[in-house]
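Line order of the protein sequences matches chains A and B. In this text, residue positions in the first sequence follow numbering that gives the first Met the number 0: the first is 0, and each later residue adds one. In this text, residue positions in the second sequence follow numbering that gives the first Met the number 0: the first is 0, and each later residue adds one.
Errors might be hidden in some of the hints.
Per label pair, the in silico range of CB-to-CB distance [to be verified]: (1) A:A138 - B:L304: 25 to 33 Å; (2) B:R125 - A:P149: 30 to 38 Å; (3) A:G177 - B:L214: 48 to 56 Å.
Quick partial rundown of chain B residues pointing at chain A, CB under 8 Å, derived from the structure [stated by the list, open to error]: (4) D100; (5) T201; (6) R202; (7) L204; (8) V216; (9) G220; (10) P299.
Note that these hints are calculated values from the structure, not bench results. Remember, predicted model here, so these are calculated numbers, not experimental data. C-beta atoms are modelled at their ideal positions from N, C-alpha and C, and glycine is treated no differently.
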Amino acid sequence: MTSMTPMLEAHGVGKRFGAVVAAADISISIASGERVSLIGSNGAGKTTFVNMITGYLKPDEGRIVLDGRDITPLHPRAITRLGVARSFQIPQLYGDLTVLDNMLVANACHDQALSFWQPARRRSALDRADALLERFRLAEHRARRVAELPGGVRKLLDIAMALTAAPKLLLLDEPTSGVSAEEKFPMMETIMSALGHEAMTVVFVEHDMDIVERYASRVVAFYSGRIIADGAPNEALASDDVRRYVTGELVPE
Amino acid sequence: MAAILASLPAQLPRKPPAAAITTHRRTVLAGLVVLVLLAVAGFFAPKWLTFLVTMAAANGLVSLGIVGLMRGGVVPFGQGMVFAIGGYTAALLFNKLGFTDALGLPLAGGLAAVLIAAPFAPLLSRYRGIFFAMLTLALSMVTYGLLMKLEVLGGSDGFNLGRPTLFGNKLPDARVGYILYLVTLFVATVIGLLARVYFDSTRGLVTLAVRENELRVEYLGGSVRQAMAINFVLAAFCGGLGGALVVMSLGHIEPNFSFWTTSGEFVFVAILAGWQSVAAVFVASTVLEVVRSFSSAYFPNTWQLALGLFLLFVIRFLPRGIGSLWMKGDAR
């Protein structure tokens with residue numbers, strides 16, 4: 000069951016890059032606990048929207064509200080501290096460090112009172128990191144350097160690091176991109192079962208409609224920076240606009 | 000070097016949930032053991048050798064500050080500024096205020112360097128790469144220019160200072176070099192141990208993360224600029240300490256402390272050492288002093304050639320510095 004309290008609201012959000020309209024009049028309300036998939040072709044505005052939520056890009060117009068608080072003017076760090084975490088299409092990791100150290104970095108950054116003498120490898124931090132690695136089935140890679148890891152494992156680590164802060168809103172940017180077709184479902188299964196412990200709102204950008212259908216409770220489709228469909232997966236994916244502009248089917252005008 | 004074992008915990012095999020306090024205790028114990036060994040060895044060593052090690056330890060502190068910044072991905076080319084500030088502060092306190100304590104002067108030098116460097120920290124924390132390096136170089140050269148012109152500070156000749164005291168006691172003629180050697184080793188050990196604790200702390204780990212991926216640090220809730228600013232201020236403290244310790248042993252201060260070639264030597268040592276090991280900084284600093292001393296004696300005016308060849312060798316075969324010899328596989 001999801002509560003009806005909006006976790007995230009966008010009110011008339013717009014963003015331009017010169018003559019290119021990346022987002023136009025995006026208005027949306029996402030309830031706490033929802034699992035929303037953002038779909039659309041490349042350049043449709045999905046990642047731009049995610050980047051605006053996280054503060055990496057500032058909207059030219061409109062407001063973004065997180066759990067009742069206007070976060071539009073805040074920078075990424077402040078928004079992170081309010082409970083928003085994200086993963087990246089290309090995992091943003093520390094390749095020279097081990098998997099465990101990557102988790103400890105996440106833990107250290109989340110720790111409000113960064114200490115000069117508190118060891119990064121203290122017991123509580125290690126326990127927390129190990130628990131998450133276990134949930135993401137990454138424990139066997141614990142001591143390996145991230146630069147040596149395959150893409151799928153990096154994706155999982157990227158998400159595990161985001162979860163260290165126990166966010167209220169988790170944004171996943173194409174969690175299965177770059178992963179082979181046969182690995183996509185097992186990977187998404189791992190992610191969702193790991194998230195299953197958390198009562199958090201999840202928004203994920205995805206191109207694979209089978210993944211969307213199975214794991215999203217709601218689908219929001221983008222085209223040319225605008226929302227063209229918003230609803231339950233079976234309804235949204237069946238809409239003419241989505242079939243025409245997202246899945247590329249030949250639909251008569 | 001007294002701080003040689005400061006990096007030991009990171010060399011030990013990784014254990015399940017580390018008992019951090021025990022590890023720190025072991026680090027402190029190891030540092031103290033090396034300090035005692037060096038103190039005993041220094042008692043029997045010739046004066047030239049204790050002086051060489053004193054210079055290496057004091058200069059190593061400045062390079063240790065640079066290593067702290069290198070761990071965050073930036074290299075300052077102007078650490079001569081804080082080195083000079085520390086030295087001039089100690090010398091002025093000695094000559095003008097009669098404050099002569101051999102432990103108090105380095106502390107005052109470090110604090111003065113922090114006071115002068117701290118206002119620049121927010122600005123410098125915004126820059127990376129060559130811009131950071133050039134800005135710090137610019138600051139040191141402005142300092143150099145001022146020191147050259149200010150007659151009250153001795154102008155281009157600088158000025159001398161007398162022999163420090165220790166806890167109110169005059170240092171005996173025969174043992175002054177050895178006592179300053181002990182003081183320098185003590186300060187280097189304490190700072191070396193603190194540096195190890197800092198490098199292994201949550202802030203220390205975040206600094207390493209900044210070097211690799213600033214964007215992700217911000218998205219994880221860490222402050223990149225704060226990390227860089229703090230490291231700059233800590234480096235200033237180390238630089239000021241080193242400057243004051245050198246001045247006490249040399250008995251002389253001059254604007255060249257802030258000249259860019261002096262800063263270059265500190266960077267040289269930091270690169271030679273690498274960013275993983277605290278002990279390596281002091282080893283590298285000793286190597287520099289040894290090469291400088293022997294090359295100057297046997298190959299006058301060509302010691303930079305020997306130094307350059309040595310650096311080329313290290314960059315080619317130990318790109319992570321001397322410290323990577325005993326910190327293999329540990330990126331931290």
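We went through each hint and held it up to the structure:
For A:A138 paired with B:L304, a C-beta distance near 53 Å fails the hint of 25 to 33 Å. For B:R125 and A:P149, the Cβ-Cβ distance of about 36 Å falls inside the hinted range of 30 to 38 Å, so the restraint holds. Remark: the range hint 48 to 56 Å for A:G177 to B:L214 is contradicted by a beta-carbon distance near 19 Å. The criterion of a C-beta within 8 Å of any C-beta in chain A is not met by B:D100, whose closest approach is roughly 26 Å, and the hint is violated.
Annotation: B:T201 was flagged as interfacial toward chain A, and the flag holds, the nearest CB pair being 4 Å apart, inside 8 Å. At about 5 Å, the closest approach between the beta carbon of B:R202 and any beta carbon in chain A falls short of 8 Å, and the interface hint on this residue holds. At its closest, the beta carbon of B:L204 sits 4 Å from a beta carbon of chain A; the interface hint therefore holds under the 8 Å criterion. Interface hint status for B:V216: upheld, as the beta-carbon distance to the closest one in chain A is roughly 6 Å, under 8 Å.
Interface restraint check: B:G220 against chain A, minimum CB-CB distance 4 Å, threshold 8 Å, status holds. With a least beta-carbon distance of about 42 Å to chain A, the hint placing B:P299 at the interface is violated under the 8 Å criterion.
In the structure shown, a violation is registered for the earlier hints numbered 1, 3, 4 and 10, in ascending order.
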